[in-house]
Every structure is written in C-alpha cells, then in structure tokens.
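The sequence shown: position 59 = 59 (full-length UniProt numbering), numbered continuously.
Note that these hints are calculated values from the structure, not bench results.
As a list, the in silico BS3-like pairs of lysine-lysine whose alpha-carbon atoms are at most 25 Å apart:
hint : residue 1 : residue 2
1    : LYS53     : LYS22
2    : LYS91     : LYS121
3    : LYS25     : LYS135
4    : LYS98     : LYS53
5    : LYS98     : LYS22
6    : LYS71     : LYS98
7    : LYS51     : LYS71
8    : LYS98     : LYS51
9    : LYS25     : LYS51
10   : LYS22     : LYS71
11   : LYS53     : LYS71
12   : LYS130    : LYS91
13   : LYS51     : LYS22
14   : LYS98     : LYS135
15   : LYS71     : LYS135
16   : LYS25     : LYS71
17   : LYS135    : LYS121
18   : LYS25     : LYS53
19   : LYS18     : LYS53
20   : LYS25     : LYS98
21   : LYS98     : LYS121
22   : LYS91     : LYS135
23   : LYS71     : LYS91
24   : LYS98     : LYS130
25   : LYS121    : LYS25
26   : LYS71     : LYS121
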Amino acid sequence: HDLDFLYLIRNDVLNTLKFDLKGLKVAVHYGCHYLNLSRDKKTTRSYLGSKTKLEELITLFGGIPVDYQEKESCCGWGASQLLINPREAHKITYNKLKSAENVGADFLLMPCPTCLYTLSKPEYRQNIEKWFGEKLEIPTIHLNELISILRGCEEERCISLTRKTPRLEEIFEIITEDK
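Based on the provided sequences and hints, a complete structural model is requested.
Below, the structure written as structure tokens:
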C-alpha cells in the first residue's frame, strides 16, 4: 500500500517538504481496504488494534492528529452500497464527516482514492445536506495530494484543488502562507 511505502521513507519525504502543517488539527480515515488488509486477523487484539501510521506522519509534518468517534467506520461506499442504498450509504458518510467536524478537525486525510471520492464529491455532499439537513464543510484530501502541497506544488497544479472540496483552498492557503 502506498501509505506503508510513504511511512517507510517518511524521513526522506520530510526532507523534501517546503511547508509544514502549522499545527492544523487532522482527522484520519484509513479506509476499509487498508484496515482489513493490513491487520493480522489471527488474534482479536491485533485485528481491532488501531493503526497509527497516518497519525505519525501528521505529527512528523507538523500537524496534530485528532481522534474522533467514527475513525474506523466506512466512508459510505461500502462495496458499492452507495449505488444500491444511497440514502443509507450517505448516512454513513454523514456520520463520518460530522464526527470529524465535531472534534474540530481542520481536514480529513486519507490514503484511499475511493474514500476520497465518496467523502468529497459535491453531489454527495449536496445529498447529505438535503437528506440530513446539515451542510458539512470539512475538507478532505488524499495523503499524496497533501504531500504535494507540503512539497510546494502550485495551487493550479494540485489536482485536488480543482475538485473544489469545501474549504480545501483555505487549508492550502494556511499551509503555504509565508510566516
């Protein structure tokens, strides 16, 4: 998994960064694929034990990892449940995003592109607002995109920023401002 590789070379990655996270509070979402495939299922303790690689990277990059209730829950895609039962799937997505917002996270970081798509797609966010009566503003970003920003990519060259995820441009400005 790319998270495992980036974790192995984390100090080399750190040495290439132009910016840091400036103490931003970051919630993480590992995704079902990573959690289920990376756990030793031989013992209940090892299977249920929390992963820490993303949190360690956040700390290394100058951020503050925050814990939240729905940390290990699904993003809402869940083996295409979004297509079969959209309202139920969006409820899972809503709970995930709301839980991260409730602890004051500045953004939600993940290593899974499918989860990123599910948690950030404007149409899905609009459905959540319509069905659950609340507009959730927490930005979402992929680990590789965050590293690109921290390495100094220009805004127009950062693929994630063209998606216009809520507040992502604000996070970009905070990270890249000269102070």
